[in-house]
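Protein chains in written order, with the numbering used here: chain A, 1 to 298; chain B, 1 to 204; chain C, 1 to 873.
Just so you know, nobody snuck in bad clues.
Some chain C residues judged to face chain A by a derived CB distance under 7 Å, without partners named:
(1) Arg-742
(2) Asp-743
(3) Pro-744
(4) Leu-863
(5) Glu-864
For lysine-lysine, the following BS3-like pairs were computed, each having C-alpha atoms within a straight-line distance of at most 30 Å:
(6) C/Lys-202 with B/Lys-180
(7) B/Lys-68 with C/Lys-866
(8) C/Lys-803 with C/Lys-768
(9) C/Lys-437 with C/Lys-324
(10) A/Lys-6 with C/Lys-763
(11) C/Lys-118 with C/Lys-674
(12) A/Lys-6 with C/Lys-866
(13) C/Lys-91 with C/Lys-110
(14) C/Lys-288 with C/Lys-256
(15) C/Lys-173 with B/Lys-180
(16) C/Lys-851 with B/Lys-115
(17) B/Lys-115 with C/Lys-803
(18) C/Lys-91 with B/Lys-115
(19) B/Lys-115 with C/Lys-12
(20) C/Lys-12 with B/Lys-89
(21) C/Lys-651 with C/Lys-437
(22) C/Lys-84 with C/Lys-109
(23) B/Lys-11 with C/Lys-173
(24) C/Lys-754 with C/Lys-768
(25) C/Lys-508 with C/Lys-481
(26) B/Lys-115 with C/Lys-74
(27) A/Lys-233 with C/Lys-866
(28) A/Lys-6 with C/Lys-754
(29) C/Lys-324 with C/Lys-259
(30) C/Lys-801 with B/Lys-115
(31) C/Lys-768 with A/Lys-6
(32) C/Lys-803 with C/Lys-91
(33) C/Lys-12 with C/Lys-74
(34) C/Lys-763 with C/Lys-839
(35) C/Lys-109 with C/Lys-487
(36) B/Lys-11 with A/Lys-6
(37) C/Lys-118 with C/Lys-84
(38) A/Lys-6 with B/Lys-197
(39) B/Lys-115 with C/Lys-866
(40) C/Lys-651 with C/Lys-364
Keep in mind the hints are simulated off the structure, nothing from the lab. For each residue, glycine too, the CB sits at the ideal point set by N, CA and C.
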Amino acid sequence: MTIEDKVFSGDTLRVGYRFQRHWDNSMAYAFFCAELGAGLFFVSLLMDNVAGMILGLVPVATGKPYFHLSHMGVPARSWRAALRPDRSWISRGLLGLSALIGCGAALVFCLLFGSSFGIEADSALVNLLKVLAGIFALVTMTYQGFAMSHSSAIAIWNSAILPLASFLYSLTTGVAVLLLLPGAGGTTDLASALLLLLLALGVMHLMLLHAGWHGSPGARTSVELLLQTLYAKWFWGLTVAAGILLPGLLLWWAPDLLLTQLVACLGILAGFMAWRILIFKIGVYEPIMSMNPFNPLH
Amino acid sequence: MARMGMVFDLKACIGCNACVIGCKQENSLPDGVFFTKTLSEEYGVYPMANRVYIPTICNHCDDAPCEKVCPTGATYTREDGIVMVDDAKCIGCSTCAVACPYDQRTQMEEESFLKGLFGTGEITPFEEQGYGRYTPGTVTKCDFCSQRVDAGLDPACVVTCPTDARIFGDLDDPDSAPSKMIRERQGRPPMPDKNTKPKVYYVN
Amino acid sequence: MASQTPTANSLKSGKWVPSTCKMCLHSCGNLIHVTDDGVINKIEGNPTNPSNNGKLCPKGNSAIMRHYDPARFKQPMRRTNPEKGCGVDPKWEPISWEEALDITAREIKKSMDEDPRKILPSIEDFQKFNVWAWPLAFGNFNFYQSGGTMCGGAYHPINGMIHAAFGCANDAKYCNYWINNGTGDGFSSHLHAAAQSNWVAKARTERNMRVVSIEPRLSIGSAKAEEWVPIRPATDRHFAMGMAHVLIRDGLCDYKFLKRDTNAPYLVGEDGYFIRDENGQCYIWDAKNHCARLWNDDSIGEIALEGNYHVDGVACKPAFQLYKDILAECTPEKMSEITTVPAETIARIAHEFAEAATIGATMKLEDGRTVPKRPAAYNYYRGAQGHKHGVQTNHSFKLVNMLIGNIDVPGGHMGVVLDTKEVDINHCEPGDSGMLKTKPHQLGPIPGFNWPPSTFHMMDYFPLGVHPPHLNLMVWEDPEKWGMEFKPDVIVNCHSNPVWAIQGPRNKWFDFLRDMRFIVCVDLIPTEMTDWADIILPSHDVLESWNCTMIEPPHTEGQCFRQPAVEPLHDTRSEEEIFYELSERLGILEAYNDVINHTLGFAGHPELELELDRKHTDREIARRKGLLWNGEDIDWYMEHGHSVTEKRLDKWYRPWEGLRLHFYIEEYISERDKLRQQMEEHDVPFRDEWEWDDYQPLPTAVLDPVHEEPAEYDLYAITFKDIQLNFGESLSNPWIKDIVYRDPVHTGLLLNPKTAAAQGLEKGSIVKVESPYGHLYGRISVSEGMHPETIGVSNALSRMKSKESGVLPAGGHYNDMLPYDLRNTDAASAQPETVCKVKLTRLEDWPDFLKEGRTVYDVIEELENKRGKGGQH
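Just chain A, with the same shape it has in the complex (with noise of 0.2 Å):
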């Protein structure tokens, strides 16, 4: 026996690998909506598009919550997932999302209805408000990452590559969404960003199967499923042609196309949604201890 025969357990008591389900698609949604809504708000908040930035917050606070929500072992309980910040990611997230909400809310106020009040966009306030938001933004389009990478059981999780993809995803969609909105000026500059953030996230995407494929054996049997087995139609699909390759053609051919840059925004939405399911689907435990003497767990 060797490795190569791999053993999934399901729920028997042979020893094997075993799919980690805990994190199943509504957290996995529940991620997309963060990391989507804080990338466009960010990147609206760059290039100063109030559009933007109220369409950014709106899966923030609301697709984010309910999907979250409806994972919850006990909703009516999830305010205490607020309350170790000194250890938890969760946590860091959880306080830094609502601040988003709130500072990126009363940011938008101040923009949209401000002067009614005294207070001007180049005002002290909204400056404040500005930085606020931003590093909440930045908070939440990365501690979704932090928090996978956060222990060593699901193997290909455990790299710091992972918070690195939740920030190049989370500026990434934010960019193909902000692309396709009224006001965005400077379109051009945006579509060439588009496309240097896809070959960027080309490039996590290896670096994250390379870590994988050499590290631990639950590593490598996550990048098997994901490169060769059982996800693979999905991962090459819909990830790569549709969420990377796909896009990036479009937008090096005709970036100032609204046809091609709606195509290219929805497969990098598509690509991204698809990422955010799978690696999940990926995450598996080790066998906890192996007598097989080939098996390099022994």
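Since the structure of chain A is already known, use the hints to place chains B and C on it.
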């Protein structure tokens, strides 16, 4: 203070899973929930084929990742090293469950409490007197029968094991049964590369 | 954050009641925790009982879920659906106890008055021989329950011949080299699973006892053993004879033991009988003085074990020489061809065995005796013993032990008694000519020869056997041929599930059952059997009733007491009350009490004998049983739960001291000839097809007929249990189901991967498995732990649908594939063949009848493919 730990004697274990049922009895576990399990692994090629039985349990790690990632503080370590879960504080986010390299955390699902052990919706008096300690949705695990330990007893799984394959005691006490066994038979923790410092060891 | 009221069940406010487990037929001591609210919420082993030392196996741990099973019978019931079948709703109608008992007694009486032989008892309870023996109250020896077929047909008589005991085991206290052949003793099954596992584990971890396990499948025992010796099924006798050949060839025997403590030197004539003088005394050859002397002649110079001699002109040889002659052709090479075990392995194990035996060594016991110490022993049980040539097979294992002199000595191979009832009873008595008195009938009296037959299952013609319930089917198919003057039409079933347990095709057994006019079942939960009942009489379970017994304990003796932990949950009664009520209505009350007095050992103790004219309670019977053992009354037993101690040394080590063991069992010759003569005298029509050659005083190398099935059947099928399943019904229990269907060995038909590939099969293939006698369906699982010629069918895959039971069917029943004819039954013991040859056919899909409803394979598929959350491993 003490550091309560366990040693599994792989020579003795016969994979009978009496421990599993002793634990289910003690803890009124709903259907499909296990706080401990004994696994089996076949290896080798006929006629040199073999099978080994490997008991598993929460390792009550000194550096417990489940405790580190818990956002509410529901998971905490007692003075004697037992890693506990405060049912009242848990929100069921499952972050502990994806943080545990040993996959020892279980989420209690409402459906199992409603269907009962026989799956028919008929809840036996045994279940009625026991289910109340759990809140559906929370993510919990073995607690080394902490209440029994407080009463000076061994955990339920240890007491019933027909082959004495489970040895429980204070790892800080060099004369305790587990300490001696670890010393004399080269006890090793599972997956040491995960750096969680388990308090459960295995001897061949 | 600890709460003030404990949530751990064992710590909740309540009381601990010491009692005895009965999730299998053995009697481990336990403690029942009952809360102040009267709920049983924990069962643990009783640490004061030296048998199981506070341990319980998974079955013992699951008893609460038997007690609270919602499917338990809650009151007496009557069938209203005339259609009967497994899984067919009987449409029970609740009735009162009065009515139920009246109907039952009336129906039994109707047939009993015509002919008492028309009653077919189906009662088997090793913990309550007083219930099991009820049919003797009306002279009925019929038998429709499973005991003896798979596990004990020849095993028990041979234990009775060699040890005057019921079972056997190795002495875990001192053994250093432990051979297990076709048994899970000490690991997964057989005697007091929790207790034996504890004793054997201590021997392995504290003294590094070496275990060698010989069987076709890598069972738990083989997995733990230092060496697994895969063997072709139904060839274990040949392995043992190969070992014996090497022991004799290489001079590795305990000759002193053979000469002094066995009848191996007794001279045997060419007709198979001992040479005897006019007083019936046997002869030994004095090699020093070149003459024959009587066995008890002190002037014998040197006892001969070998040679050919003449006594008064009659050619004879010592029994040892006879076996040596038989073994001449049983070379390791020849035996290797038959068993597929390499010749070097057979020889090596024989040498290791003999070396570990330290022949000549002695030790001083605490009682002052100095006895031989032989820390090597060959243990065996169901898988190895359950074959057509059962007697010869069991005897061959005994002889391997006898050759190195380890019978009933420290470290050796021991006889294990049932309940001896009195502490001073030594089960060994002198027989004829200095030999141990043989006791082949450990389970009670047998009918003896009758023509026409007095039993439907032909027990009249198995003078040395254990009941063959499978022959009920053979006879039912053609009663005239077998001389039956009667045909049973009433089944009285208690605590038994023969529909599940007896071999032969289910569909024929179903027709057999449909032929019954009336069936009453005394039971706890719905089973394959109760689906056929006309009346259900629900009984108390083991947490609601009284008893006092000790079943077949190695190493210990005493009485294990059972007392109710709670009031009965439902409108049930004790089995004692039920059978007393029926007996009174049937007019056999006095006879029944007399039977109990003799069965339980009260007879001869006037102060304990049950008064004949009264009905007695289970409590009263238990009280008297306890008094009988150690003079303690019931309050003592209620407090202690048991009177178990380690076995008294004179009853465990060489209890037959001064007597000679039966190396050669002449009784098989004498009983054969007696039976043949009786059949001749009575002109019994089937006497010429009776398998007289099965009667052998020594093992021979004849092949079991299973090996001679047509060549198209190219694999051997075996069945097995593990510790979650042995000796009981447990698959209705959710906690047992939790661990059984997650264990790979119980989730498919096990095939060696190379064999599977050669047959064009892989894991998950759906197959039809067919023997010459029946078939089943299943799904293939591959395992390197399988002999390449063997397919393994776990007992967990052999249940049938039963109404309202949580038990799941799989794809049929292994027992369907076994024969039930005389050809495959040992005439000398009634042991049937329990292995069959099969062929596999790959199917594209399950047959229709398995696609409806839920089967075990559905559950297994869900578990294997589950990617759900929640602490999965």
